[in-house]
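Participant: What follows is the residue order along each chain.
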Amino acid sequence: MSRSDPRRHDLARRVAAATGLAGALGLAAFGWASSRLGEYSVMDMGEHAAHGAAAPGGGVGAGAVSVTSLTADPARPADVRVELVARRGTVAVPGGRVTDGYTVNGTSPGPEIRARQGQLVEVTFVNESVTEGATLHWHGVDVPNAADGVAGITQDAVPAGGRHVYRFVAEDAGTYWYHSHQLSHEQVEKGLLGPLVVDPARGREPGVTDLVALLHVYAGQHTLNGRAEDQRVTAAPGSRTRIRVVNTDQGTAAVWSSVPYRVVATDGRDVVGPTDVTGRTVLVPAGGRLDVEVTTPADGRAARVHVGGARSVVVGPAGAVPPAPVGQPRDQLDLLAYGSPGPLGLDPSRPDRRFEYVIGRRPGLVDGRPGMYWTVNGRMFPDVPMFHVREGEVVRMRVVNQSDEVHPMHLHGHHVVVLSRDSTAAQGSPWWVDSLDVRPGEAYEIAFVADNPGIWSDHCHTLSHAVEGLVAHVVYDGVTTPFTINGLAGNQPE
Amino acid sequence: MRKTYTWLAWTIAGCVFVQAASIAFGFGGMAGYVQGGGVVDKALVESGTASNFTGELGFPTHEIVGGMVVPLVALVLLAISFFVKVPGARKWAAILFGLVFLQIMAGYSIRDVPYVGALHGANALAVLLTAVHAARLVRRGDRATNESPTARVTV
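Here the protein sequences line up with chains A and B, keeping their order.
Everything in the first sequence is counted per this note's numbering, starting at 42 for the first residue and increasing by one.
Everything in the second sequence is counted per this note's numbering, starting at 27 for the first residue and increasing by one.
It should be emphasised that the hints constitute simulated quantities derived from the structure, not laboratory data.
Built from N, CA and C at the ideal position, the CB exists for glycine as well.
Wrong hints could be hidden among the right ones.
[Stated by the list, open to error] Pairs of lysine to any residue, SDA-like flavour, derived with a Cα cap of 20 Å:
#1 111(B) to 375(A)
#2 29(B) to 54(A)
#3 111(B) to 362(A)
[To be verified] To give an idea of the chain B side of the interface with chain A (calculated C-beta under 8 Å), a few residues:
#4 37
#5 67
#6 71
[To be verified] Pulled from the structure, derived: some chain A residues nowhere near chain B, Cβ distances all over 12 Å:
#7 60
#8 227
#9 230
#10 352
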């Protein structure tokens, strides 16, 4: 016979193919099984990512402090008391269709909570009928950790029929919002949210009309304060109006105006030396807030302020004809160079900690589900970094987006100041944020003071991305949590 | 193997039709929605509602078929081409795989450099023609074999 018998070759080939296939299947089964999360604690996540001058994190250790003990002064009586009742059902959208969703005290968005700086706010949250459980997170308010409202980290999800009391001192005047942080991608999207405004201790500026413009898309309907229509505000010629834009959606919102506007605050922090902006769009990240101020034209006409792509606030004297919509300017206001420099209140040149938060994406398995998942520093959930800090430290973080989508990064419990973007140093007013859009290819240097002990999520506020693993945590040494994710309490924060 | 090779190549060719149809369906529907006063912005895109306008399904279809199905099929085609004893099978599977790779890279770059859209559209035709050529290789190989039996030489 010939030296190379084709039948023997075929057999060898088949055996090799079968062995390879069996091996690949075995590996796949092993990978699938090992990616199953089951019940877990965030304390077991990832790796210690401490760098810099300070020694690596000391971990939890004996005498650990539970997140439940990190509260506002329990002996202090509340100045503002509110009861918020969450229900599963339908959301009536005036000017639009009724949709399936969640309400707070019968509406979505829920009622606007107003407090004055320094007051103690006490909110009793009642879950009447949200069967998967729900919580309230105070987005942008640097609350004590026990009141942060993240299911599985700072509390158990409140079951249907249950209640939970949140207490915090409204330390900083500004625009905020509240929303569920249990199954947040579903519950926020369907309306379990509302606005919160903290007025300055000295009171509101006299003569300035003040309103919230909360944006939310309900089942494809763009709404402004829950209505699928524009909003009229009566304001005298020459008077000022402060519009507190709250972006509760999953994507960036654009704001522009038919008259010059000023950005007077970002994420509840005043801008130093704001100047008039004309012919530019300013962007509000998902979860972010931007307070803009406009002056009603002195000639009695009205002004139109576009908030988000679809809705406007029309500001002017009663009966003034609303101006026609104006095209969205292509040029954008860069908040990195807006306003006047001012003191930061921290020294970022000699940080105690330096962290990297590099966002990427690759295919993989998380909890047994194959898909494209986000990565932090090249690692996939739950092996993403834990950023260990100690109270009082100055932390510097470099946030890099190596993916092809924008990520509105939201750090709980703290405000961060932007130092630079792509190596261009900030030149304007200190730009303080809790929600920062990091666009594809961008690298931001930010800094903050670790002044609020606890365990804090640091995640993308395009909430579907958080579900896909774009969540890391800032953890203070010595703090621990008794709560778990995926356990009996059904906690699923994202 | 030869049948599988042919079938996979035809699948890629068919996917090109699906891709052209789905993107036209998507943009056509979106244009109608905008004409009717609808607003498409980042808030809508990320809102998780998939029934804002007719044609909206065209976008995820384009993404899934182009980003997952076609590259996977092209990869399998390349792998099995090593077991198909038809002249040119490997070469054309490799060319097809290269064009698919280029197509995906171009697709993901359109947002940053919209002009790349021209390459993406033209390269789609190259993928189609190459896939059809590869699919017909086997039949042509068979015909050649039938016409000249001496061509059947075990190497």
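Participant: Are all C-beta atoms of chain B more than 12 Å from that of residue 352(A)?
Facilitator: Check fails; 9 Å does not lie beyond 12 Å.
Participant: With chain A as the partner, please determine if residue 37(B) meets the hint condition of a C-beta pair closer than 8 Å.
Facilitator: This interface hint is violated because 21 Å lies over the 8 Å limit.
Participant: Given the hint that residue 29(B) pairs with residue 54(A), test it: the Cα-Cα distance must not exceed 20 Å.
Facilitator: Measuring from Cα to Cα gives roughly 18 Å; hence the hint holds.
Participant: Holds or violated: residue 111(B) and residue 362(A), Cα atoms, limit 20 Å.
Facilitator: Cα-Cα ~78 Å, so violated.
Participant: Given the hint that residue 111(B) pairs with residue 375(A), test it: the Cα-Cα distance must not exceed 20 Å.
Facilitator: violated (61 Å)
Participant: Hint check: is the beta carbon of residue 67(B) less than 8 Å from a beta carbon of chain A?
Facilitator: holds (3 Å)
Participant: Do the numbers back the hint for residue 71(B), that is, is its least Cβ distance to chain A under 8 Å?
Facilitator: Holds - the Cβ of residue 71(B) comes within 8 Å of chain A, reaching about 6 Å at its closest.
Participant: Closest CB-CB distance from residue 230(A) to chain B, is it above 12 Å?
Facilitator: It is violated; residue 230(A) is separated from chain B by about 6 Å at its closest Cβ, not greater than 12 Å.
Participant: Can we confirm that no CB of chain B comes within 12 Å of the CB of residue 60(A)?
Facilitator: holds (16 Å)
Participant: With d taken as the least Cβ-Cβ distance between residue 227(A) and chain B, does d exceed 12 Å?
Facilitator: The assertion about residue 227(A) is violated, with a minimum of 9 Å to chain B.
The structure does not agree with the numbered hints 1, 3, 4, 8, 9 and 10 stated previously, though it agrees with the rest.
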